[in-house]
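With the hints as extra help, turn the sequences into a complete structure.
Top to bottom, those sequences are chains C and X. For the first sequence, this note's numbering gives the first residue as 1, with consecutive numbering after it. For the second sequence, this note's numbering gives the first residue as 1, with consecutive numbering after it.
To be clear, the hints were calculated from the coordinates, so they are not data collected in a lab. Predicted model only: the values in this text are computed from it and were never measured. A couple of the hints might just be wrong.
Ranges of calculated distance between the beta carbons of each label pair, as one might list FRET restraints [as the list claims (entries may be wrong)]: (1) X/A241 / C/S129: 29 to 37 Å; (2) X/A265 / C/R125: 28 to 36 Å; (3) C/G99 / X/A232: 56 to 64 Å; (4) X/D245 / C/K70: 35 to 43 Å; (5) X/A232 / C/E116: 41 to 49 Å; (6) C/Q97 / X/V238: 39 to 47 Å; (7) C/E116 / X/D240: 42 to 50 Å; (8) X/A232 / C/K70: 54 to 62 Å; (9) C/R123 / X/A253: 36 to 44 Å; (10) X/S5 / C/C39: 31 to 39 Å.
Some, not all, of what chain C presents toward chain X, calculated at C-beta under 7 Å [as the list claims (entries may be wrong)]: (11) R19; (12) E40; (13) H41; (14) A55; (15) R57; (16) L60; (17) V127; (18) G130.
Chain X residues, not near chain C, derived (Cβ > 12 Å throughout) [as the list claims (entries may be wrong)]: (19) G26; (20) G27; (21) I31; (22) G34; (23) L87; (24) A141; (25) D184; (26) G236; (27) V239; (28) Y267; (29) A274.
Ideal Cβ placement from N, Cα and C applies to all residues, glycine included.
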Amino acid sequence: MQITFEVNGTRAEVEVPARTTLADCLRHHMGLTGTHVGCEHGVCGACTVILDGDAVRSCLTLAVQADGTKVTTVEGLSSDASLTPLQMAFRKHHALQCGFCTPGILTTMHALLSQEPNADEERIRDVLSGNLCRCTGYIPIVKAVLEARAAYGGPAAMENAHGV
Amino acid sequence: MKLPSFDYASPRTLAEAAALLAASDGGGKLIAGGQSLMPLLALRLASPSVLVDLRHVRDMNRIEATADGLRIGAKTRWRDIEGDPALPAAHPLLAAAIPHVAHYQIRNRGTVGGSLAHADPAAELPGLAVACDGELEVFSARGTRRIAAADFFLGPLTTALEPDEIIVALRLPPWQSTRRWGFDEVARRRGDFAVSGIAMFHDLDGVGRATNVHIGVFGASSQPCRLRTAEAALDGQVVDAAVIDRVVGAARAELDPPEDIHASAGYRRALTGALIERTLKRMAGQPEH
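Following this line, the structure appears as C-alpha cells:
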C-alpha cells in the first residue's frame with residue numbers, strides 16, 4: 001500500500017504491505033534504524049516514536065495508519081550534529097548504558113516535556129513506566145529528564161535541587 | 001513475531017465500515033488505536049482476513065453529558081478522558097479509574113471501544129462499565145442496538161458482539177453527586193493489567209443507610225462482574241466495622257478467581273477482600289451531603 005507522510009521534517013512516500021508496522025517501515029523501508037524493536041508487542045517501549053506530537057509505540061501502529069501524519073524518530077530530535085539539551089542531560093547523568101532502550105526513552109520524554117514542561121518527578125516516573133531499561137535502574141534517567149525540563153520552558157535545574 | 005498477512009480498508013463512514021465487516025463473512029476485524037489488537041496480531045492469536053480501520057470515520061470520539069448520563073464515543077482515547085476537565089465532577093468513578101489504564105504511549109492511541117471489544121478480564125473500563133450498569137451502543141447494517149455491559153462480557157476476550165457489529169459508544173447512567181464511591185486496584189506496575197481491582201459505589205438514604213449498592217470486580221474473575229451477595233450484605237445497612245466484615249466475608253466467599261502466573265486464586269480472593277475493606281473504610285469518610 002502507498003503511504004505518504006512526513007518523517008523528521010521530510011516528505012516521504014513508501015510502498016509497504018498492509019501488515020507492516022510503523023517500526024518496520026521506518027527501519028526496513030527507510031533505513032531509520034535508530035528506532036529499536038524490542039518485544040514487538042507493546043511492552044518494552046523501545047520503538048517509541050512521536051506521531052503528530054504524541055509518543056506512540058511504533059510496533060503497535062500500522063505503517064498505513066501513519067499515512068498523512070508527521071512522524072519524528074530519534075534521528076529527528078536533533079537537526080544538526082550537536083546533541084539536544086535532553087540528550088546532553090542524558091550524557092551528563094549517565095542515563096544510558098547499553099543504549100538499546102534509549103531512543104524510545106528520548107522520544108517519549110521529548111514528547112512529554114514538549115507537552116508538559118513542568119512535569120514533576122512523579123509524573124516523569126509514571127510516564128517512564130512505559131519504557132523498560134535493564135541497565136540503569138532509572139535513577140539517572142529521572143535526574144536527566146528533570147534537568148532537561150528547563151530547556152522546554154519548565155523549572156530551571158537549580159530550583160529542583162531537591163532530589164536531583 | 002511479524003503480523004500475519006491481511007487486507008486493509010479505511011472507510012469514511014460507519015455504514016461503509018459495517019458493510020465491509022459484513023462482507024468479510026466473519027473474517028474481518030475492526031482497528032482504531034490498535035493497542036489491544038496489534039499485540040494479538042503480533043502473537044498470531046488473531047489472523048483476520050481484512051482489517052477495517054476506523055481512523056477516517058468521524059464523530060466517534062465525543063464525550064457527551066446528557067440527562068441520560070454520559071455517552072463516550074468508541075474512538076475516545078484514554079488521554080481524551082484524562083484531559084476532560086468536566087469528568088471528575090460528572091463521573092468521579094470513571095475519572096479515578098482511567099489513570100490506571102495502560103502506559104503513557106498506549107494511552108495516546110488506545111480507545112474506549114477497543115478496550116471493550118478486547119474484553120480483557122483485568123481491564124479497568126469493562127470493570128467500570130459492569131459496575132455502573134453501563135450499556136454498549138453497537139451498530140451494524142441491521143441497525144443500532146444497546147447491550148447491557150452485564151450481558152456483554154462472556155469470558156476472557158469473549159463478548160456478545162456479533163462479527164458484523166461495531167461498538168459506537170459506551171453509555172453510563174447519570175451520576176448522583178452525593179454518591180459514595182471508590183476505585184482501587186493492585187498491579188505489579190502502574191499501568192499494567194490489574195491482579196485484582198474494584199469499582200464500587202452506593203447512595204445513602206435519609207438515615208444514612210447504604211442503598212443502590214454496586215460492587216464491581218475485575219481481574220479476579222473470568223469476566224468483570226458485580227458481587228451480588230456482598231452487595232446484599234451492605235444494602236440497607238449503616239456502614240460500620242461489623243458490616244464491612246460481613247461484606248468482605250461475603251465477597252471472599254462469592255469470588256471464584258482465576259489462577260495464573262501473576263497470582264494464585266487464594267491470593268486474589270484475599271486481595272480483593274482487602275481492597276473492598278480498605279475502600280469501604282475510605283468511602284465511610286467521604287462527606288455526607
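Results for each hint:
Checking the proposed 29 to 37 Å range against X/A241 and C/S129 shows it holds: the Cβ atoms sit about 36 Å from each other. Restraint check, X/A265 to C/R125: a C-beta distance of roughly 32 Å satisfies the suggested window 28 to 36 Å. As the Cβ distance of C/G99 to X/A232 is approximately 57 Å, the hint placing it in 56 to 64 Å holds. Separation of X/D245 from C/K70 is about 57 Å and departs from the stated range, judged on CB atoms against 35 to 43 Å.
One distance hint, 41 to 49 Å for the beta-carbon pair X/A232 and C/E116, holds here, with the actual separation near 45 Å. Distance hint check for C/Q97 and X/V238: the Cβ-Cβ separation is about 58 Å, which falls outside the suggested range of 39 to 47 Å. Between C/E116 and X/D240 the CB atoms are about 43 Å apart, so this pair conforms to the stated range of 42 to 50 Å. Checked against the hint of 54 to 62 Å, the C-beta distance between X/A232 and C/K70 comes to roughly 55 Å, which is consistent with it.
Against the hinted window of 36 to 44 Å, the Cβ-Cβ separation of C/R123 and X/A253 comes to about 40 Å, which satisfies the hint. Checked against the hint of 31 to 39 Å, the pair X/S5 and C/C39 fails, with Cβ atoms roughly 21 Å apart. Hint on C/R19 holds. Least Cβ distance to chain X is approximately 4 Å, under the 7 Å limit. Checking C/E40 against chain X: minimum C-beta separation of about 5 Å stays under 7 Å; hint holds.
Of the supplied interface hints, the one on C/H41 holds, with its beta-carbon coming within about 4 Å of a beta-carbon of chain X, less than 7 Å. With a cut of 7 Å, the hint placing C/A55 at the interface with chain X holds, because the nearest CB-to-CB distance is about 5 Å. Interface restraint check for C/R57: the shortest CB-CB distance to chain X comes to about 5 Å, inside 7 Å, so the restraint holds. With its C-beta approaching chain X no nearer than about 4 Å, C/L60 sits inside the 7 Å limit, and its interface hint holds.
With a least beta-carbon distance of about 4 Å to chain X, the hint placing C/V127 at the interface is held under the 7 Å criterion. About 3 Å separates the beta-carbon of C/G130 from the nearest beta-carbon of chain X, less than 7 Å, and the hint is met. Its beta-carbon lying about 19 Å from the closest one in chain C, X/G26 satisfies the requirement of being farther than 12 Å from that chain. Separation of X/G27 from chain C is adequate, the least Cβ-Cβ distance of about 14 Å exceeding the 12 Å criterion.
Taking the minimum C-beta to C-beta distance to chain C, about 8 Å, the non-interface status of X/I31 is violated against the 12 Å cut. Under the 12 Å C-beta cut-off, the non-interface status given to X/G34 relative to chain C is violated; the minimum distance is some 6 Å. With a least CB separation of 19 Å from chain C, X/L87 remains clear of the 12 Å interface cut-off, as annotated. Every C-beta of chain C lies more than 12 Å from that of X/A141, the closest at about 24 Å, which supports listing it as non-interface.
In this structure X/D184 is separated from chain C by more than 12 Å, as the shortest Cβ-Cβ distance comes to about 17 Å. The non-interface label for X/G236 is consistent with chain C: the shortest C-beta to C-beta separation is roughly 40 Å, beyond 12 Å. Here X/V239 stays apart from chain C, with its beta-carbon at least about 32 Å from theirs, past the 12 Å limit. For X/Y267, the condition that its CB be more than 12 Å from all CB atoms of chain C holds, with the nearest at approximately 23 Å.
With a closest Cβ-Cβ approach of about 23 Å to chain C, X/A274 is found to remain outside the 12 Å limit, as its non-interface label requires.
Going down the numbered hints, you'll see the structure goes against 4, 6, 10, 21, 22, while the others check out.
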